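Trainee: I would like the entire structure built from these sequences, with the hints used as guidance.
For the protein sequence lines, the chains are X and Y, in the order given. Residues in the first sequence are numbered from 317 upward in steps of one, following the working numbering. Residues in the second sequence are numbered from 2 upward in steps of one, following the working numbering.
Take these hints with a grain of salt, some might be off.
Said to hold, decoys possible - Have a look at the derived ranges for each label pair, beta carbon to beta carbon:
{"id": "1", "chain 1": "Y", "residue 1": "P165", "chain 2": "X", "residue 2": "Q509", "range": "40 to 50 Å"}
{"id": "2", "chain 1": "Y", "residue 1": "K8", "chain 2": "X", "residue 2": "W557", "range": "51 to 61 Å"}
{"id": "3", "chain 1": "Y", "residue 1": "S200", "chain 2": "X", "residue 2": "Y331", "range": "32 to 42 Å"}
{"id": "4", "chain 1": "Y", "residue 1": "P165", "chain 2": "X", "residue 2": "V394", "range": "29 to 39 Å"}
{"id": "5", "chain 1": "Y", "residue 1": "H181", "chain 2": "X", "residue 2": "G358", "range": "24 to 34 Å"}
{"id": "6", "chain 1": "X", "residue 1": "T375", "chain 2": "Y", "residue 2": "E239", "range": "30 to 40 Å"}
{"id": "7", "chain 1": "X", "residue 1": "G563", "chain 2": "Y", "residue 2": "I72", "range": "41 to 51 Å"}
{"id": "8", "chain 1": "X", "residue 1": "Y331", "chain 2": "Y", "residue 2": "V27", "range": "53 to 63 Å"}
{"id": "9", "chain 1": "Y", "residue 1": "V47", "chain 2": "X", "residue 2": "E543", "range": "57 to 67 Å"}
{"id": "10", "chain 1": "Y", "residue 1": "W139", "chain 2": "X", "residue 2": "F437", "range": "51 to 61 Å"}
{"id": "11", "chain 1": "Y", "residue 1": "N245", "chain 2": "X", "residue 2": "S467", "range": "17 to 27 Å"}
{"id": "12", "chain 1": "X", "residue 1": "P412", "chain 2": "Y", "residue 2": "F157", "range": "31 to 41 Å"}
{"id": "13", "chain 1": "X", "residue 1": "D444", "chain 2": "Y", "residue 2": "E239", "range": "35 to 45 Å"}
Everything labelled a hint here was simulated from the structure, so no lab data went into it. These figures come from a predicted structure and were not determined experimentally. Even for Gly, the Cβ is constructed at its ideal location relative to N, Cα and C.
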Amino acid sequence: MSQPILQLKNLIKTYPNGTQALKGVSFDVKKGEFLVIIGLSGSGKSTLLRCINRLHDPTSGQILFNGEDIAQAHGKEVLSIRTRIAMIFQHFNLIPRHTVISNVLMGRLGNMGTLGSIFGFFSKTDKDNALKYLNLVGIGEKAKMRADNLSGGQQQRVAIARALTQNPEILLADEPVASLDPATCHTVMDYLQKVNRELGITIIANLHFLSLVRQYATRVIALKGGEIVYEGDPKNIDDAWFEKIYGAGAKEVHIN
Amino acid sequence: MNLYAFKRNIFDSIMFAFLASVAAVVIFQPDEYAMLELGRNFQFFVAALIIGVILTTLLNRAGFKTLGEQIFEPPYKKAQAKDESWWRTLHGWQLVIFLVVTLIVGFNVTGFSIYKLVDKDSFGPAMKLFAGIFDPNWDLLPRAVLKMIETIFLAFLATFLAIPIAFVLCFFAAKNIMRHPLAFIVYLCLRTVLNLARSIEAFVWAIIFSVWVGIGPFAGMLALFIHSIVSLAKQYSEIVETVNDGPIEGIESTGAGKVQTIWFAIVPQVLLPFISFTVYRWDINIRMATIVGFVGGGGIGSLLQTYQGQAMWPEVGTIIFVIAFVVWFMDTTSAYLREALK
Ligand SMILES: Nc1ncnc2c1ncn2[C@@H]1O[C@H](COP(=O)(O)OP(=O)(O)O)[C@@H](O)[C@H]1O
Ligand SMILES: [Mg+2]
Numbered sequence: 317m318s319q320p321i322l323q324l325k326n327l328i329k330t331y332p333n334g335t336q337a338l339k340g341v342s343f344d345v346k347k348g349e350f351l352v353i354i355g356l357s358g359s360g361k362s363t364l365l366r367c368i369n370r371l372h373d374p375t376s377g378q379i380l381f382n383g384e385d386i387a388q389a390h391g392k393e394v395l396s397i398r399t400r401i402a403m404i405f406q407h408f409n410l411i412p413r414h415t416v417i418s419n420v421l422m423g424r425l426g427n428m429g430t431l432g433s434i435f436g437f438f439s440k441t442d443k444d445n446a447l448k449y450l451n452l453v454g455i456g457e458k459a460k461m462r463a464d465n466l467s468g469g470q471q472q473r474v475a476i477a478r479a480l481t482q483n484p485e486i487l488l489a490d491e492p493v494a495s496l497d498p499a500t501c502h503t504v505m506d507y508l509q510k511v512n513r514e515l516g517i518t519i520i521a522n523l524h525f526l527s528l529v530r531q532y533a534t535r536v537i538a539l540k541g542g543e544i545v546y547e548g549d550p551k552n553i554d555d556a557w558f559e560k561i562y563g564a565g566a567k568e569v570h571i572n
Numbered sequence: 002m003n004l005y006a007f008k009r010n011i012f013d014s015i016m017f018a019f020l021a022s023v024a025a026v027v028i029f030q031p032d033e034y035a036m037l038e039l040g041r042n043f044q045f046f047v048a049a050l051i052i053g054v055i056l057t058t059l060l061n062r063a064g065f066k067t068l069g070e071q072i073f074e075p076p077y078k079k080a081q082a083k084d085e086s087w088w089r090t091l092h093g094w095q096l097v098i099f100l101v102v103t104l105i106v107g108f109n110v111t112g113f114s115i116y117k118l119v120d121k122d123s124f125g126p127a128m129k130l131f132a133g134i135f136d137p138n139w140d141l142l143p144r145a146v147l148k149m150i151e152t153i154f155l156a157f158l159a160t161f162l163a164i165p166i167a168f169v170l171c172f173f174a175a176k177n178i179m180r181h182p183l184a185f186i187v188y189l190c191l192r193t194v195l196n197l198a199r200s201i202e203a204f205v206w207a208i209i210f211s212v213w214v215g216i217g218p219f220a221g222m223l224a225l226f227i228h229s230i231v232s233l234a235k236q237y238s239e240i241v242e243t244v245n246d247g248p249i250e251g252i253e254s255t256g257a258g259k260v261q262t263i264w265f266a267i268v269p270q271v272l273l274p275f276i277s278f279t280v281y282r283w284d285i286n287i288r289m290a291t292i293v294g295f296v297g298g299g300g301i302g303s304l305l306q307t308y309q310g311q312a313m314w315p316e317v318g319t320i321i322f323v324i325a326f327v328v329w330f331m332d333t334t335s336a337y338l339r340e341a342l343k
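Mentor: Printed below as a string of structure tokens:
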């Protein structure tokens, strides 16, 4: 079997204020997986993703990305890691006043010189790719619109296109559909699945709804209080596991 | 001792030392010579401060709430406090006594006198001034307009040259950008320098530069230039501190560097407020240019100073008219501009 694309070994994150968000998390991610992380609010899901692309500095432990430890990388190395491990967010995090296409082009920033990017010297290839990925997520015709004039679901698709222009090996998604309505929610999840299956990009997503997890995940990890309490096939999460993850008395909500 | 009690003690003891000083002046009726003995009087003040600290500590311990306690006490203590009418509380009376004493001292120090305002001997010359001002000498108008134009350009150049410097500085003075420990030290130093420089008024800079480069519009421009850098940098940085974190995180996640993140995630968010504040600064600078001119900064202020010094009121009237018109005009246009930029 080939080497995992990502290996976490005893990852610990303690925030400066003393909060222990991750208390020794270890797992492997194989190339091409659609891994979903579930858990209550505050269980450390966002912290975990932000440690993987080094938006946060892990306190200790290892993150092996293609076999190379990136947990303690610094300076320019961190920027290069982020270009290869893209991320999308619950609130999309686009630049509201810029056009859709200009937002998508920002996925190239990590591969450009500072001055060149400030003066807007994006190459023909970059522009073609940006449009290609916009078409891939089905909103090519919105390229010239201002990003804040799009609906939430469309903005998240722009964010996916921006991530794709980075040419990433891994795509992290922090609750990508948590602020969308149920119908839009499936559209966005379908595009993530498309990215996963057609482009072969490994996806690690934080999700809230178990029904979505069962539908899209190839594997699931549950966090509780910064520790892994479940790891395996989403279909095997029964009521007992559900109670263990979400606490006694919790009920599953269905979303269709 | 916790922080809040420390603040309370400082507050109450300064109040006490002030009242004690006033009492001492009333009781001992010192002459001017005694008032000028700064060292001894300072010792008295410090002694009063120490007594004040002891007093406030004892009073609060005995259950009498002082004004400092009332202001600085933490919320959990405030929640336990019982509701009392102010005249039944120590801090109520403390405030009343302080206000009354301050008012009386204020009247005394400024030599406040209704009599002087309406007295014939002093009112007469004032009438002459009004008569002159309301009957301007229009022969001076061309010269006043020319000097006003000089002033407008002086203010414009000072603002314009300050923009790029303030723009660069503001990011180093914004807390949300300078998070890294080393960066935070730079932030603290810059903030301190900016605050110190801000406490020096534009007309003081004008005095300095009028000696340095000679009296004239260049000195005035430099004075307003320094003042604008400091004010704009501070205002810009406050805007930067209010930006939305989402876009910053979004751009950072693409592997963008620090400068790229600022340019693509922060600048689009702050551009309009920046322009709005800059227009306002130009407006303020035109007003300040007249004051700066008074102390050697050229422009219409210098002209005003010349005629005011010779009590040539009709000429002063012309100048005041020109200044008032331009200030009103700038005020209105800049308000419209800023409204449109929202
Ligand atoms: N910047 C931060 N500073 C301090 N504590 C934080 C910070 N971000 C998150 N936390 C804390 O870390 C824990 C995990 O948070 P998070 O990773 O956001 O959980 P989740 O995404 O699963 O809701 C929570 O207790 C949260 O309060
Ligand atoms: Mg979260």
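Trainee: Give a verdict on every hint.
Mentor: For each hint, the structure was consulted:
Remark: the range hint 40 to 50 Å for P165(Y) to Q509(X) is upheld by a beta-carbon distance near 49 Å. Between K8(Y) and W557(X) the C-beta distance comes to about 53 Å, which sits within the given range of 51 to 61 Å. For the hinted restraint 32 to 42 Å between S200(Y) and Y331(X), the CB-CB distance of approximately 37 Å keeps it satisfied. Our hint of 29 to 39 Å for P165(Y) and V394(X) holds, since their Cβ atoms are close to 30 Å apart.
Taking 24 to 34 Å as the suggested C-beta distance range, the pair H181(Y) and G358(X) conforms, at roughly 26 Å. For the pair T375(X) and E239(Y), the supplied restraint of 30 to 40 Å holds, since their beta-carbon distance comes to about 33 Å. As the Cβ distance of G563(X) to I72(Y) is approximately 44 Å, the hint placing it in 41 to 51 Å holds. Against the hinted window of 53 to 63 Å, the Cβ-Cβ separation of Y331(X) and V27(Y) comes to about 58 Å, which satisfies the hint.
Hint check: V47(Y) to E543(X), Cβ distance near 58 Å, so the stated range 57 to 67 Å holds. Separated by about 58 Å at the C-beta atoms, W139(Y) and F437(X) satisfy the suggested range of 51 to 61 Å. The hinted window of 17 to 27 Å between N245(Y) and S467(X) holds, with their beta carbons roughly 19 Å apart. Between P412(X) and F157(Y) the Cβ separation comes to about 32 Å, which falls inside the hinted range of 31 to 41 Å.
D444(X) and E239(Y) have their C-beta atoms about 41 Å apart, which keeps the hinted 35 to 45 Å range intact.
In summary, this structure violates none of the numbered hints.
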